[in-house]
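Residue numbers (our numbering): 1 to 378.
The set of hints was computed from the structure by calculation and includes no laboratory data.
Watch out, some of these pointers could steer you wrong.
As a list, the in silico DSS-like pairs of lysine-lysine whose alpha-carbon atoms are at most 27 Å apart [said to hold, decoys possible]:
#, residue 1, residue 2
1, Lys-177, Lys-24
2, Lys-255, Lys-282
3, Lys-278, Lys-267
4, Lys-243, Lys-24
5, Lys-177, Lys-251
6, Lys-24, Lys-255
Simulated DEER-style distance windows between Cβ atoms [said to hold, decoys possible]:
#, residue 1, residue 2, range
7, Glu-28, Asp-153, 25 to 33 Å
8, Ala-75, Leu-12, 36 to 44 Å
9, Ser-80, Gly-168, 16 to 24 Å
10, Asn-268, Leu-12, 20 to 28 Å
11, Phe-167, Asp-41, 38 to 46 Å
12, Ile-357, Gly-288, 16 to 24 Å
13, Gly-146, Gly-301, 39 to 47 Å
14, Met-26, Glu-151, 21 to 29 Å
15, Ala-21, Glu-44, 51 to 59 Å
For every residue, glycine included, the Cβ atom is placed at its ideal position computed from N, Cα and C.
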Amino acid sequence: MSDTQPEIRKGLVGVIADVSAVSKVMPETNSLTYRGYAVQDLAEQCSFEEVAYLLWNGELPNAAQLAGFRREEAAQRGISPALHQVIQAFPHDAHPMDAIRTAVSFLGMEDPEAADTSEPATRRKAMRLLAKIPTAIAAAHRASKGQAPVEPDPKLTFAENFFHVVFGKVPQPEVVKAFDVSLILYAEHGFNASTFTARTVTSTGADLHGAVTAGIAALKGPLHGGANEAVMHMLAEIGEPSKAVAWLEGKFDHKALVMGFGHRVYKNGDSRVPTMTKYAEKMAEVVGDRRWMEMSRLLAGAMLERKNIHPNLDFPAGPAYHLMGFDIPLFTPIFVASRITGWAAHVIEQAADNRLIRPLSHYTGAAQRSVPALSARG
């Protein structure tokens, strides 16, 4: 038997697990494309619905295709009385990510095509999830505050309707645009932890709702989707721009993790950050509160100077969502409402050319041994 130590890639760092035509993450240029289009161009020039269509179909829609996509999504937004009852039974202090994970699982149980894993059925289920997830997120959020749910409005765009079901009103166009941009930037990002989780579940032959439920569970973690919440908690802890650099120095002294900085793939900056920062700055102007963005600017400058570490997308997204009026626990569920587009695209792709994902491990435990009698086990 060989004693050669195999190469272990903890966290699958650098491992190319499969091929994909959905998006391209390019560490060498710190850039990202969806189906060949630069993500920052899509964010500036397209709506979230156009990008969802692109991710699922490979091409941007024409006017007629976009209108049809929007009609279909808008028509599916309502959730059943049964799901409303389930949501009302959630503990009021339940984390919204736990709420939406449970809601998606329930949606799978009542979906008319639950057992059908064919591509046409999966596409129809993906559209239903895209449409219903915001309604479920908002219903759970409002229930936790003792508020009645707001019925979705089919006349509104996806982004407008999200504000409508959460707050009961639609803000000014600049706020809606900034939110729409954030949805596009968060929609897809290659084989990240939650997407790879969804593909792994799909590889077993499981259905879309199972894959998405697993993806949501992965996304809740603070090293993945939960980072935007952690960023805002960090800024709230600092409190004032004048305290930002000293606070950061204290973290350096204690070798503590600073959320919103660094990336597993991008080492010299993330191409999504300038666009999100631009719209976060616009939110600060609209709201008339520059405190959060000034803190962010000082932290980013000090981190780059001291550690040569760049901010990731979660860093500007946290204060942007706060300035839009969202409570911090809603930040990661918003990520879900966006990333369902990428997850569904990957589920469809995995199922179309499937092989069970089953990696190996290198055993480091005890050598093989005999089972002693119970009386001899000391």
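Right, here's what the structure says about each hint:
no.: 1; hint: Lys-177 with Lys-24; result: holds (25 Å)
no.: 2; hint: Lys-255 with Lys-282; result: violated (33 Å)
no.: 3; hint: Lys-278 with Lys-267; result: holds (21 Å)
no.: 4; hint: Lys-243 with Lys-24; result: violated (39 Å)
no.: 5; hint: Lys-177 with Lys-251; result: violated (35 Å)
no.: 6; hint: Lys-24 with Lys-255; result: violated (33 Å)
no.: 7; hint: Glu-28 with Asp-153: 25 to 33 Å; result: violated (44 Å)
no.: 8; hint: Ala-75 with Leu-12: 36 to 44 Å; result: holds (40 Å)
no.: 9; hint: Ser-80 with Gly-168: 16 to 24 Å; result: holds (21 Å)
no.: 10; hint: Asn-268 with Leu-12: 20 to 28 Å; result: holds (22 Å)
no.: 11; hint: Phe-167 with Asp-41: 38 to 46 Å; result: violated (30 Å)
no.: 12; hint: Ile-357 with Gly-288: 16 to 24 Å; result: violated (50 Å)
no.: 13; hint: Gly-146 with Gly-301: 39 to 47 Å; result: holds (42 Å)
no.: 14; hint: Met-26 with Glu-151: 21 to 29 Å; result: violated (43 Å)
no.: 15; hint: Ala-21 with Glu-44: 51 to 59 Å; result: violated (23 Å)
The earlier numbered hints that this structure contradicts are 2, 4, 5, 6, 7, 11, 12, 14, 15.
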